[in-house]
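Peer 1: In the order they appear, the protein sequences are chains A and B. Under our numbering, the letters of the first sequence match residues 770 to 895, in that order. Under our numbering, the letters of the second sequence match residues 8 to 225, in that order.
Treat each hint with caution, since some may be false.
Said to hold, decoys possible - Covered by chain B, per the in silico footprint, the following chain A stretches (three or more residues, Cβ under 8 Å):
no., stretch
1, 771 to 785
2, 834 to 844
3, 871 to 881
Simulated from the structure, these hints should not be mistaken for lab results. Idealized CB from N, CA, C, for every residue including glycine.
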Amino acid sequence: MHELSMAQAIVDTVLDAAEKNNATEVVEVTIEVGMLTMLNPEQLKFLLDVITEDTLLENSKIIIEDVPVEIECRNCEFEGLANTDGSDHYLAIVLCPECGERNVEIIKGRECNVKNIKIEKSDEDA
Amino acid sequence: MHKIAEVEVQHDIMVANRKLAKKNQRKLDKESVFAVDVVGAIGSGKTSLIEALIDAMDYRIGVIAGDVISKYDAGRFQQHQVPVVGLNTGKECHLDAHLVEHAIHDLPLAEMDILFIENVGNLICPVDFDLGSHMRMVVISVTEGDDTVEKHPLIFQDADLVVINKVDLADAVGVDSDKMVKDVGEINPEVQVIKTSLKTGTGFEEVVKAIDKFLKDY
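With the rest of the complex left out, here is chain A (with noise of 0.2 Å):
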């Protein structure tokens, strides 16, 4: 069940920022997912809801972005998307689109990222 820690993860770091911009209102947050992370959008996503009742967040629209696979081959050199077999989270596997090998190296795919956010804030802090 690491959707939880990882949506609370995202929550304190999403207030952070917000307390540190002075918002009064958190209205959109952006977050990237990478294919390869074994996180449930759609879980995260409720969790999300969930937890963040009676925040800043609270009523805050959550934007998912799906990260897909960026590799480095060791075999061929190529650098760039790589081949998920099949586009399911949880079971894409990498290969390399230019020679088919799985020796490669993930440049992107594995992150959470809290991209930005979108606040509120009174005009005297504006």
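Since the structure of chain A is provided, determine the placement of chain B on it from the hints.
Peer 2: Coordinates of chain B only, in the frame set by chain A:
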């Protein structure tokens, strides 16, 4: 009147764990301790395998025993007269670098050559959490079914050694252990796969040699 502002945050939640994992590894390196993260489902035989390795290997061994709530496994390792720290994750489905950092602090690293970290019984969540170990050994058993590898590919993609345990039960449970070996090879062609039975001793010496080789090559 209110004003909407956009704030760049760019904070990757996963990075914090990776940084801590690197710190753990530096600490282990400083004390010349080789750490093995042992991952596998509930009942695959992780505890029994580590117990057998403690008895068989000519190294000074310490163990971190990860469990959700109990200290049962930690108690089993203590009977082998090795330093043990039991970790309870509570509601969590994996060990993380932060928990391991505390456990390492409580172990006599200067008196150890190998640290086995028995992860929580789970083939899914540990994928996301590097602990700072030098190798990851995935332990599965034939009793989990011969589609286990296909169903959990990512844990095998990062594995350094795969053990397919309880092969003495393969016929009884109607499982093709060769298929499991083949499936691992398709996901991770580089990794060594060893079929074992701790009951009959099949393959156990190979596991000892494989870990020994990793330690010496490191």
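Peer 1: For every hint, state whether the structure bears it out.
Peer 2: Each hint, compared with the structure:
1. 771 to 785: holds (count 8)
2. 834 to 844: It is violated, with 0 qualifying residues against the three required.
3. 871 to 881: Answer holds; 5 residues pass the 8 Å Cβ test.
Taken one by one, the earlier hints fail for this structure only at number 2.
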